[in-house]
Amino acid sequence: MEITVDYSKRDAALIARICKADQKALEMLYKHYYNQLGRFVTRVTIREDIIDEVINDVMYVVWEKANTYDNNCKPSTWIFGIAYNKARQAVRDSSRLKEESLNELDEDNLLFEEFNDNLKKLEITDWIKPALAALTADQRTVIELTYFQGLPYNEIAVLMNCPENTVKTRMHHARKKLATILINASN
Amino acid sequence: MKHANTEKPSLNSTHNIHNEVWQLLPWHVNNSLNKIENKKVKSHLKACTICQQEIVRIKQLVDLVANKSYEATSEAVIDANFSILKNRINSHTETPKAHNKITTHSQKIFGFRLGKLTQLSLPSPALAMAATVLISLLMPRLEFNSPEEITFAQFKTLSNSEIAAVKKNTVRVIFLDDTQKTDINNLLAFVNGHITSGPTEQGEYSIGIDAELTIDNVQSVIDNLKKNSNVLFAEPAYTTLITEDNCEC
Chain Z
1 MEITVDYSKR
11 DAALIARICK
21 ADQKALEMLY
31 KHYYNQLGRF
41 VTRVTIREDI
51 IDEVINDVMY
61 VVWEKANTYD
71 NNCKPSTWIF
81 GIAYNKARQA
91 VRDSSRLKEE
101 SLNELDEDNL
111 LFEEFNDNLK
121 KLEITDWIKP
131 ALAALTADQR
141 TVIELTYFQG
151 LPYNEIAVLM
161 NCPENTVKTR
171 MHHARKKLAT
181 ILINASN
Chain S
188 MKHANTEKPS
198 LNSTHNIHNE
208 VWQLLPWHVN
218 NSLNKIENKK
228 VKSHLKACTI
238 CQQEIVRIKQ
248 LVDLVANKSY
258 EATSEAVIDA
268 NFSILKNRIN
278 SHTETPKAHN
288 KITTHSQKIF
298 GFRLGKLTQL
308 SLPSPALAMA
318 ATVLISLLMP
328 RLEFNSPEEI
338 TFAQFKTLSN
348 SEIAAVKKNT
358 VRVIFLDDTQ
368 KTDINNLLAF
378 VNGHITSGPT
388 EQGEYSIGID
398 AELTIDNVQS
408 VIDNLKKNSN
418 VLFAEPAYTT
428 LITEDNCEC
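Chains as they are written, first to last, in our numbering: chain Z, 1 to 187; chain S, 188 to 436.
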């Protein structure tokens with residue numbers, strides 16, 4: 001478990017400066033959050049090729065909407081809330097692309113078999129990635145925010161804009177799925 | 188479920204507490220539960236081996252995933268990516284909404300259009316010129332050719348015409364411009380009339396009817412005149428057909 005330090009005051013001050021079009025403050029906030037957002041986006045989307053694009057989308061929204069931050073939640077919750085929405089959008093886009101590419105593969109059985117073989121090789125060498133991939137984006141988000149960002153469930157509920165019980169339910173299903181995969185992998 | 192404590196709470200209540208605690212375990216592991224919840228979990232963990240094992244599993248999973256953790260991006264890459272974001276921000280000539288709380292009335296009116304147009308990064312004189320060209324292209328081409336001048340003589344009407352001398356049994360008539368004199372004379376003979384004055388500048392004739400006319404037969408004379416294709420207008424010379432003779436006032 002990573003040690004999380006509360007930088008709320010620092011981040012709130014930076015957001016206040018961003019409200020006054022202070023690009024230096026944006027740069028500081030960008031650098032503070034880059035790796036956290038990068039890891040979060042990677043975990044939720046299971047894609048590394050779009051990290052930079054999604055992070056810049058998130059921070060662009062921070063720049064544009066800084067005046068809408070009302071201090072009702074931690075700045076990190078607000079920023080991760082934006083990141084959650086952007087990551088979900090990316091997941092939707094990528095599923096659409098995957099669907100399209102699978103349709104193309106359906107037309108060529110040889111290519112589809114090759115794709116399956118590669119997937120099997122990947123599962124053998126790196127099971128944790130497919131394990132996380134087996135979860136929904138929402139379940140991965142709860143896992144990431146709980147285990148790796150150290151957020152309480154009520155804050156995750158605010159961030160994901162859903163009831164607290166929904167967060168607990170998503171975590172419950174994610175744990176069950178991961179436990180099953182973990183058992184199968186160890187066998 | 189194995190409970191080590193000597194107290195024997197009801198099965199349902201124990202089951203409910205176990206389920207509740209089991210759901211809270213991830214947040215117990217990340218130390219984010221409030222004091223009451225934390226106390227409840229700790230108390231339950233003393234007795235429940237299932238939950239104790241689950242905590243071990245959660246920690247194993249966290250460690251496993253942490254080993255595959257995201258590799259921190261180098262400072263240089265972060266700087267390069269921020270430059271991209273900065274360019275994106277600066278490419279919008281309009282100040283972002285967040286930093287533009289005070290807007291003038293005109294900005295509010297044209298806010299949408301200006302917002303869209305300024306995304307083209309046009310300097311303001313170029314913007315004004317572009318707008319002018321756009322308006323001139325979009326405006327329907329109106330023809331402002333001056334119509335052929337209509338002379339006073341060509342404007343035919345009996346209204347407001349000046350009647351210098353109003354006489355009994357007189358009607359006012361305007362013939363078409365190309366009406367021949369002989370046609371007029373034939374028509375006058377038909378209604379037992381003669382020209383008393385005219386034509387005026389507007390082509391109006393005052394025609395005296397030779398017979399003594401009553402209200403009814405004045406109307407029949409006018410009807411006969413109007414049936415003729417050469418007659419443009421035909422009206423009684425009197426606004427009312429009440430003459431001095433039959434006026435009761």
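It is possible that part of the hints are untrue.
To be verified - A short list of chain S residues far from chain Z (calculated; beta carbon distances all over 12 Å):
hint, residue
1, 203
2, 207
3, 210
4, 212
5, 232
6, 248
7, 249
8, 259
9, 262
10, 267
11, 270
12, 272
13, 277
14, 378
15, 381
16, 383
Unchecked claim - Which chain S residues face chain Z? A few, computed with CB under 8 Å, are given here:
hint, residue
17, 213
18, 217
19, 222
20, 237
21, 238
22, 240
23, 242
24, 244
25, 251
26, 252
27, 260
28, 268
29, 275
30, 276
31, 392
It is worth saying that the hints were derived from the structure and are not from the lab. Cβ coordinates follow ideal geometry from the N, Cα and C atoms, glycine included.
Now for the hints, and whether the structure bears them out:
The non-interface label for residue 203/S is consistent with chain Z: the shortest C-beta to C-beta separation is roughly 14 Å, beyond 12 Å. Not every C-beta of chain Z lies more than 12 Å from that of residue 207/S, the closest at about 9 Å, which undercuts listing it as non-interface. Taking the minimum C-beta to C-beta distance to chain Z, about 5 Å, the non-interface status of residue 210/S is violated against the 12 Å cut. Consistency note on residue 212/S: stated as away from chain Z, yet its beta-carbon is not over 12 Å from all of that chain's, at 9 Å minimum.
Here residue 232/S stays apart from chain Z, with its beta-carbon at least about 17 Å from theirs, past the 12 Å limit. Not every beta carbon of chain Z lies more than 12 Å from that of residue 248/S, the smallest distance being close to 6 Å; the non-interface claim is violated. The claim that residue 249/S lies off the interface is violated: its Cβ sits roughly 5 Å from the closest Cβ of chain Z, which falls inside the 12 Å cut-off. The beta carbon of residue 259/S is not kept farther than 12 Å from every beta carbon of chain Z, the shortest such distance being approximately 5 Å.
The Cβ of residue 262/S does not lie farther than 12 Å from every Cβ of chain Z; its closest approach is about 8 Å, which violates its non-interface assignment. Not every Cβ of chain Z is farther than 12 Å from the Cβ of residue 267/S; the closest lies at roughly 9 Å, contradicting the non-interface assignment. Look at residue 270/S: its CB is around 10 Å from the nearest CB on chain Z, not clear of 12 Å, so calling it non-interface is violated. Not every C-beta of chain Z lies more than 12 Å from that of residue 272/S, the closest at about 5 Å, which undercuts listing it as non-interface.
A beta-carbon of chain Z comes within 12 Å of the beta-carbon of residue 277/S; the shortest separation is about 9 Å. Once the 12 Å rule is applied to beta carbons, residue 378/S is consistent with being away from chain Z; the minimum gap is 88 Å. At roughly 92 Å from the closest C-beta of chain Z, the C-beta of residue 381/S stays outside 12 Å, upholding its exclusion from the interface. Once the 12 Å rule is applied to beta carbons, residue 383/S is consistent with being away from chain Z; the minimum gap is 88 Å.
Look at residue 213/S: its Cβ gets to within about 5 Å of chain Z, closer than 8 Å, so that hint holds up. For the restraint placing residue 217/S at the interface with chain Z, the shortest Cβ-Cβ distance is roughly 5 Å, inside the 8 Å limit, so the hint holds. Taking 8 Å as the C-beta cut-off, the interface hint given for residue 222/S is violated, the closest approach to chain Z being about 12 Å. Violation of the interface hint for residue 237/S is found here, the shortest Cβ-Cβ separation to chain Z being roughly 12 Å, above the 8 Å cut-off.
Taking 8 Å as the C-beta contact cut-off toward chain Z, the hint placing residue 238/S at the interface is violated, the least distance being around 12 Å. A cut of 8 Å between beta carbons decides the hint on residue 240/S: the least distance to chain Z is about 11 Å, and the hint is violated. The beta carbon of residue 242/S comes no nearer than 12 Å to any beta carbon in chain Z, farther than 8 Å, and the hint placing it at the interface is violated. The interface hint given for residue 244/S holds, since its Cβ lies 7 Å from the closest Cβ of chain Z, which is under the 8 Å cut-off.
At a threshold of 8 Å, the smallest CB-CB gap from residue 251/S to chain Z is about 6 Å, leaving the interface hint in force. Checking residue 252/S against chain Z: minimum C-beta separation of about 6 Å stays under 8 Å; hint holds. A cut of 8 Å between beta carbons decides the hint on residue 260/S: the least distance to chain Z is about 6 Å, and the hint holds. Given the 8 Å rule on beta carbons, the hint for residue 268/S holds: about 5 Å separates it from the nearest Cβ of chain Z.
Restraint check, residue 275/S versus chain Z: the minimum CB separation of about 6 Å is within 8 Å; hint holds. Checking residue 276/S against chain Z by beta carbon gives a least distance of about 6 Å; that is within 8 Å, so the hint holds. Against a cut-off of 8 Å between C-beta atoms, the interface hint on residue 392/S is violated, since the closest Cβ of chain Z lies about 82 Å away.
Violated hints, in rising order: 2, 3, 4, 6, 7, 8, 9, 10, 11, 12, 13, 19, 20, 21, 22, 23, 31; the structure is consistent with all others.
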